[in-house]
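Read top to bottom, the protein sequences are chains A and B. So that you can map any letter, position 141 of the first sequence is 141 in this note's numbering, and since no number is skipped, the others follow by simple counting. So that you can map any letter, position 33 of the second sequence is 462 in this note's numbering, and since no number is skipped, the others follow by simple counting.
Careful, some of the hints might be misleading.
Claimed, not checked - No farther apart than 25 angstroms at their CA atoms in a straight line, the calculated lysine-lysine pairs in the DSS-like style are these:
1. A/Lys244 x A/Lys217
2. B/Lys499 x A/Lys230
3. A/Lys223 x A/Lys241
4. A/Lys241 x A/Lys136
5. B/Lys499 x A/Lys418
6. A/Lys230 x A/Lys244
7. A/Lys244 x A/Lys136
8. A/Lys262 x A/Lys230
9. A/Lys217 x B/Lys499
Said to hold, decoys possible - From the derived model, a few chain B residues whose C-beta atoms are all more than 10 angstroms from chain A:
10. Gly443
11. Val466
12. Leu470
13. Leu471
14. Val489
15. Ser494
16. Glu496
17. Asp533
18. His535
It should be emphasised that the hints constitute simulated quantities derived from the structure, not laboratory data. For every residue, glycine included, the Cβ atom is placed at its ideal position computed from N, Cα and C.
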Amino acid sequence: MLVNDVVCPFCGCLCDDLELEVEADRVVRVLNGCSLAEATFMNDTRLPAPIRRTSTAWEKISYDEAIKETADILKDADRPLLYGWSSTHGDTQSVGVHIAELIGAVIDNTSTVCHGPSILAIQEVGHPGCTLGQVKNRADVIIYWGCNPIEAHPRHMSRYTTFATGFFVPDAQRERTIIVVDTRRNDSGGIADEFVQIEPGGDYAVLSALRALVRGKESVIPKKVAGISKEQLIRIAGICKNAKFGAIFFGLGLTMSRGKYKNVRNAIELTDELNRHTKFVISPMRGHGNVYGSNEVFTWMTGYPFAVDFARGIAFYNPGETTAVDILRRGECDAALIVASDPGANFPRVAAAHLAKIPTVLIDPHVNATTSLSRIHIPCTAAGIDAAGTAYRMDGVPIRLKKVIERGYPDDAEILKKIYDCLNGWMIP
Amino acid sequence: MKCILNTGRSVPQGVSVEHKGSEEYRTAASVCFLNAVDMMLLGIENGERIRVSSPAGDVVLTARSAEGVKQGEIFVTTGPYANHIISSETHATGMPDFKSQYVDVHVTEERVMSVGELMEEIGGLRYVSQ
Chain A
1 MLVNDVVCPF
11 CGCLCDDLEL
21 EVEADRVVRV
31 LNGCSLAEAT
41 FMNDTRLPAP
51 IRRTSTAWEK
61 ISYDEAIKET
71 ADILKDADRP
81 LLYGWSSTHG
91 DTQSVGVHIA
101 ELIGAVIDNT
111 STVCHGPSIL
121 AIQEVGHPGC
131 TLGQVKNRAD
141 VIIYWGCNPI
151 EAHPRHMSRY
161 TTFATGFFVP
171 DAQRERTIIV
181 VDTRRNDSGG
191 IADEFVQIEP
201 GGDYAVLSAL
211 RALVRGKESV
221 IPKKVAGISK
231 EQLIRIAGIC
241 KNAKFGAIFF
251 GLGLTMSRGK
261 YKNVRNAIEL
271 TDELNRHTKF
281 VISPMRGHGN
291 VYGSNEVFTW
301 MTGYPFAVDF
311 ARGIAFYNPG
321 ETTAVDILRR
331 GECDAALIVA
341 SDPGANFPRV
351 AAAHLAKIPT
361 VLIDPHVNAT
371 TSLSRIHIPC
381 TAAGIDAAGT
391 AYRMDGVPIR
401 LKKVIERGYP
411 DDAEILKKIY
421 DCLNGWMIP
Chain B
430 MKCILNTGRS
440 VPQGVSVEHK
450 GSEEYRTAAS
460 VCFLNAVDMM
470 LLGIENGERI
480 RVSSPAGDVV
490 LTARSAEGVK
500 QGEIFVTTGP
510 YANHIISSET
520 HATGMPDFKS
530 QYVDVHVTEE
540 RVMSVGELME
550 EIGGLRYVSQ
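Let the sequences and hints guide you as you build the complete structure.
Set out below in structure tokens:
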């Protein structure tokens with residue numbers, strides 16, 4: 001059976017034009033997708049049933065047992081951490097926030113080690129952004145700064161920028177100027193019209209230099225800024241000022257390197273400066289399929305996009321203190337519930353190691369590095385494959401993920417609702 | 430040799446990201462890309478092993494030269510290998526230095542560990558599917 005207009009849930013592009021060939025409970029062919037989409041749909045090996053760690057081995061347990069034990073662990077904890085939420089749909093995220101509020105937990109999502117700093121910058125100076133459709137149809141200058149779309153968002157260039165035919169940019173490859181700024185000459189840099197190789201940690205200085213040039217302060221710029229010649233900086237500032245519509249996409253090269261959110265703030269302020277000459281927008285290249293959604297859901301429900309601490313009975317937000325890596329690094333939490341993510345692989349060693357010291361429960365369709373660090377792993381549906389739900393694209397557009405096959409697993413939102421009900425029953429005095 | 434460790438995504442890592450126990454993932458996540466001149470200075474060829482250490486810990490990786498990487502830098506794809514040596518300090522932002530960890534690089538004959546072994550080193554227990 002052919003299923004049309006399928007949304008790929010893997011990365012923040014949420015490409016919605018896939019065609020899948022489905023046989024019973026398997027996807028046998030993926031059309032229009034990138035290699036990441038093919039692997040997502042066709043190489044989807046799951047943990048068959050819930051498992052519990054004994055001192056030396058793993059044993060199978062029932063869903064009811066796993067849910068009851070998870071609720072027990074959360075009930076007994078003084079400082080539980082609920083983390084993950086980016087590779088699942090909005091309903092699951094919403095139940096997660098309800099549990100956090102009920103038990104006074106800290107709830108954080110994967111943007112904490114991704115675009116969390118971008119959010120901090122946006123909270124300081126705002127976000128002059130737009131949808132990807134606007135970029136596709138209007139942008140004649142594209143800047144990829146500290147990101148590598150060819151590897152991380154393989155269809156971003158063909159659907160929205162470099163190779164995409166737009167309404168006002170009919171001959172995309174000739175009419176669009178692509179600038180790539182990175183410390184490493186990666187594949188994306190290889191196809192840029194202008195590649196700018198920056199010294200590690202030099203982003204802030206280069207952004208400041210470009211702001212000065214856009215303001216006409218050429219005389220204050222030294223011969224080289226973070227390894228980039230003044231001539232190249234002047235050329236780039238010229239390309240930007242002469243654009244009809246420019247779009248900056250930035251990645252973790254800005255958020256993870258020295259300066260962190262101040263880099264992003266400077267990039268937003270460069271965009272502000274450019275808007276005195278022409279139309280310019282800026283947007284983060286969000287990684288996981290629904291990481292943007294986790295920020296949306298958390299914000300509606302608590303007022304804050306990530307790192308929300310309910311220990312005081314009200315929502316409290318203080319990144320650097322209530323962020324997952326910091327709580328784990330300090331050895332502060334005494335239980336963890338991880339949903340739809342893999343901090344075992346993605347957190348620094350000391351933070352990941354703390355997960356193995358405390359009772360950690362993982363709710364995720366796949367066996368991953370966090371499985372090894374957990375006390376219990378409960379398998380579930382994968383949003384966009386065998387569960388429908390809402391996800392947010394990197395530009396904030398909500399898209400409905402389809403259920404394309406049935407594999408007999410419970411939805412992670414259902415598992416969490418049962419955990420909530422157990423906890424709620426016990427909490428009533 | 431002193432270097433700055435940079436991390437990021439790659440297609441081979443993304444394709445096998447839900448199969449972290451696989452040989453494919455191990456190969457993708459445990460490759461360390463170096464500048465060709467740095468490889469020459471270390472006296473190693475593609476495929477030989479290096480031990481990369483930082484105050485947070487150390488890990489054995491497979492060296493491979495890459496044109497795009499500058500001298501004095503190394504690149505490892507996002508994942509448990511890179512994170513084994515990244516400090517958890519966040520400078521009060523919540524975000525560790527995933528792209529600017531100072532490290533030491535030495536040549537070694539030791540083998541590259543599996544993801545399961547790395548997790549066992551920090552107190553985990555490998556799950557092997559039946």
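A quick look at each hint next to the structure:
| no. | hint | verdict |
| --- | --- | --- |
| 1 | A/Lys244 x A/Lys217 | holds (22 angstroms) |
| 2 | B/Lys499 x A/Lys230 | holds (20 angstroms) |
| 3 | A/Lys223 x A/Lys241 | holds (21 angstroms) |
| 4 | A/Lys241 x A/Lys136 | holds (19 angstroms) |
| 5 | B/Lys499 x A/Lys418 | violated (52 angstroms) |
| 6 | A/Lys230 x A/Lys244 | holds (24 angstroms) |
| 7 | A/Lys244 x A/Lys136 | holds (13 angstroms) |
| 8 | A/Lys262 x A/Lys230 | holds (23 angstroms) |
| 9 | A/Lys217 x B/Lys499 | violated (30 angstroms) |
| 10 | Gly443 | violated (5 angstroms) |
| 11 | Val466 | holds (15 angstroms) |
| 12 | Leu470 | holds (19 angstroms) |
| 13 | Leu471 | holds (19 angstroms) |
| 14 | Val489 | holds (14 angstroms) |
| 15 | Ser494 | holds (13 angstroms) |
| 16 | Glu496 | violated (7 angstroms) |
| 17 | Asp533 | holds (16 angstroms) |
| 18 | His535 | holds (19 angstroms) |
Checked against the numbered hints above, the structure violates hints 5, 9, 10, 16; every other hint is satisfied.
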